[in-house]
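Peer 1: Chain by chain, the residues run as shown.
2 protein chains.
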Amino acid sequence: MRSQEEEENTKPEEQLPLVLVHRPPTFDFPFRRRLQAHFRLLDPFDSPEALSRHAQQVRVLLCVDPTPISADLLRRLPSLQLIVGSSAGVDHIDLSECRRRRIAITNAGAAFSDDVADYAVGLLIDVLRRVSTADRFVRSGLWPLKGDYPLGFKERLANSDILIACCALTEETHHIINKDVLKALGKGGVLVNVGRGALVDEKELSKLLVHGELHGAGLDVFENEPDVPKELCELDNVVLSPHCAVVTPECFEALEQLIVHNLKAFFSNQPLRSAINL
Amino acid sequence: MRSQEEEENTKPEEQLPLVLVHRPPTFDFPFRRRLQAHFRLLDPFDSPEALSRHAQQVRVLLCVDPTPISADLLRRLPSLQLIVGSSAGVDHIDLSECRRRRIAITNAGAAFSDDVADYAVGLLIDVLRRVSTADRFVRSGLWPLKGDYPLGFKERLANSDILIACCALTEETHHIINKDVLKALGKGGVLVNVGRGALVDEKELSKLLVHGELHGAGLDVFENEPDVPKELCELDNVVLSPHCAVVTPECFEALEQLIVHNLKAFFSNQPLRSAINL
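Chains A and B, in that order, give the protein sequences. At position 230 of the first sequence the residue is numbered 230 (the working numbering), and the sequence of numbers has no breaks. Going from the second sequence to the working numbering is simple: count from 1 and add 1000.
What the hints contain is simulated information worked out from the structure, not anything from laboratory work. Heads up, a few of these hints could be off.
Claimed, not checked - Reference listing, derived: stretches of chain B covered by chain A, where coverage requires no fewer than 3 residues with Cβ under 8 Å from a Cβ of chain A:
{"no.": "1", "region": "1027-1034"}
{"no.": "2", "region": "1165-1173"}
{"no.": "3", "region": "1225-1236"}
Claimed, not checked - If we take Cβ atoms under 10 Å as the criterion, some of the chain B residues that face chain A in the derived model are:
{"no.": "4", "residue": "V1210"}
{"no.": "5", "residue": "L1240"}
{"no.": "6", "residue": "P1242"}
Unchecked claim - Computed far set for chain A versus chain B, every beta-carbon distance over 10 Å:
{"no.": "7", "residue": "L16"}
{"no.": "8", "residue": "T26"}
{"no.": "9", "residue": "D46"}
{"no.": "10", "residue": "A55"}
{"no.": "11", "residue": "R99"}
{"no.": "12", "residue": "P144"}
{"no.": "13", "residue": "I164"}
{"no.": "14", "residue": "C166"}
{"no.": "15", "residue": "E171"}
{"no.": "16", "residue": "V260"}
{"no.": "17", "residue": "S268"}
{"no.": "18", "residue": "Q270"}
The C-beta atom is built at its ideal place from N, Cα and C for all residues, glycine as well.
All chains, please: the whole structure from these sequences, using the hints.
Peer 2: Now the structure itself:
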């Protein structure tokens, strides 16, 4: 006897459940091939006419990266019942339209939690102890020229007020970390943002950092990625990284498991994991 | 009645216990003034003739930084009984001469432990998650040009074999982390060195890193500081910092307390803290 898995693997492609892939032009999942063993992936980048041909019947959309899902796109998919997201945030999706249409959404759940937590700690220690600044200093050949102790390496961790932003970006949390919050953190305060850029009022943050009214910041996310305020790039009490806290093999592995589970669950009427409360 | 402290503070300087300061030309303790309330500090950089005038009677030498203490220097101080060191390591001191002369030595004890541990974790996360590399990438303006996911951000921490070098440098530990140890760590291995540069065979380390036979390294110390092997500066899996793991206000505060304690203890025949076993 053949297992269900083998059965699925030998099905002709057109008998597999249809999943529309929505992705940026520059990136696809490393585990795409394995998904294709179970699902018929419809990728407009592979066959540009695919979307128009199948738009009426698509029930599931797999969103790679936080690729925007507008009300416009949703209107072209009248049968859509589920969006399987691959990021923790869902701010790239028109949620009110999903709510109206009762389209379910799942996100990355806890797939990224461990690695983002590690990264947040890394950013924090880096800001407080200026690891990246030290690395720049050594690489640029300044150590033999300027001698010891050139930098104001600071603060034991316990001495700082630390705010780690890692919540979802919604209408309610947009600029939740505003001038008042940052001023309350004060001159000894450190902000780490591994959530979404727009959680923070970036202009106010930049001003306070430039004027020394905040001790430092470790930022993995920005309001207008990939654009980063130039004034931040000049500062030594800031550590900047290109939205990469989750980019590890382990995150992708956990994500693959979750996505496969949710797609299979949907097509067999089983409960979804990490469904977003709309 | 006046307290003992006040009594001391009002003593004429020449009645205070004599302590010879041995320091590099570019650095002195930030807490020097407070030491001068209790001790008569003799600094050859202040008065070049002081050493020759007082060399015969000096009983205590306060060593700022790991400034070399040679057998030659010790021979010029025939009454020396105690060296109060300010670093964790004592490899800058001619230990066999101290042993022969029964000169006691104290080091920084645990004054630096917390901050060095923080820094080691910072280096480790930085190497594994490439925080400094990410920071360089963003600052150099490459993010908008190269797009997302340009770097191979790696590994959850638990997947790596990690060796943190933080022991003292002695004859026995010189190059204790040699080619064999590094090869045993293997391609997934990460070395963090917050001890002394010469604990590691730096040439072998550089070779293995260049050839990808070691995952990465976070180095705060080097064999020939401030010279760092140029090939290390080219690598993205290496984080380099200029021997600054201990350079924090809190470390200096803890060190001040320890040094004041040990100097007072010596002059009042009390037991020393953090005495080195010779």
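Peer 1: Each hint: holds or not?
Peer 2: The hints, checked one at a time:
With 1 residues having a Cβ less than 8 Å from any Cβ of chain A, the region 1027-1034 of chain B misses the three-residue criterion, and the hint is violated. Three residues within the 8 Å Cβ limit are the bar, and the region 1165-1173 of chain B against chain A gives 0, so the coverage statement is violated. By the rule of at least three residues with a Cβ nearer than 8 Å to a Cβ of chain A, the coverage given for the region 1225-1236 of chain B holds, with 5 such residues. At its closest, the beta carbon of B:V1210 sits 15 Å from a beta carbon of chain A; the interface hint therefore is violated under the 10 Å criterion.
Here the hint on B:L1240 is kept, as its CB sits about 4 Å from the closest CB of chain A, short of 10 Å. Annotation: B:P1242 was flagged as interfacial toward chain A, and the flag holds, the nearest CB pair being 5 Å apart, inside 10 Å. A cut-off of 10 Å between C-beta atoms confirms that A:L16 is not in contact with chain B; the least separation is 28 Å. For A:T26, the non-interface assignment is contradicted: its Cβ lies about 5 Å from the closest Cβ of chain B, within the 10 Å cut-off.
Listed as a non-interface residue, A:D46 keeps its Cβ farther than 10 Å from every Cβ of chain B; the least gap is roughly 20 Å. The beta carbon of A:A55 sits about 27 Å from the closest Cβ of chain B, which is more than 10 Å, so the claim that it is off the interface holds. Chain B leaves A:R99 outside its interface by the beta-carbon criterion, the shortest separation being 29 Å against a cut-off of 10 Å. At roughly 4 Å, the least C-beta separation between A:P144 and chain B is not larger than 10 Å, which violates its mark as non-interface.
Taking the minimum C-beta to C-beta distance to chain B, about 14 Å, the non-interface status of A:I164 holds against the 10 Å cut. For A:C166, the non-interface assignment is confirmed: its Cβ lies about 16 Å from the closest Cβ of chain B, beyond the 10 Å cut-off. A cut-off of 10 Å between C-beta atoms confirms that A:E171 is not in contact with chain B; the least separation is 26 Å. Residue-level check passed: A:V260 sits 20 Å from the nearest beta carbon of chain B, beyond 10 Å.
The claim that A:S268 lies off the interface holds: its Cβ sits roughly 31 Å from the closest Cβ of chain B, which is beyond the 10 Å cut-off. In this structure A:Q270 is separated from chain B by more than 10 Å, as the shortest Cβ-Cβ distance comes to about 29 Å.
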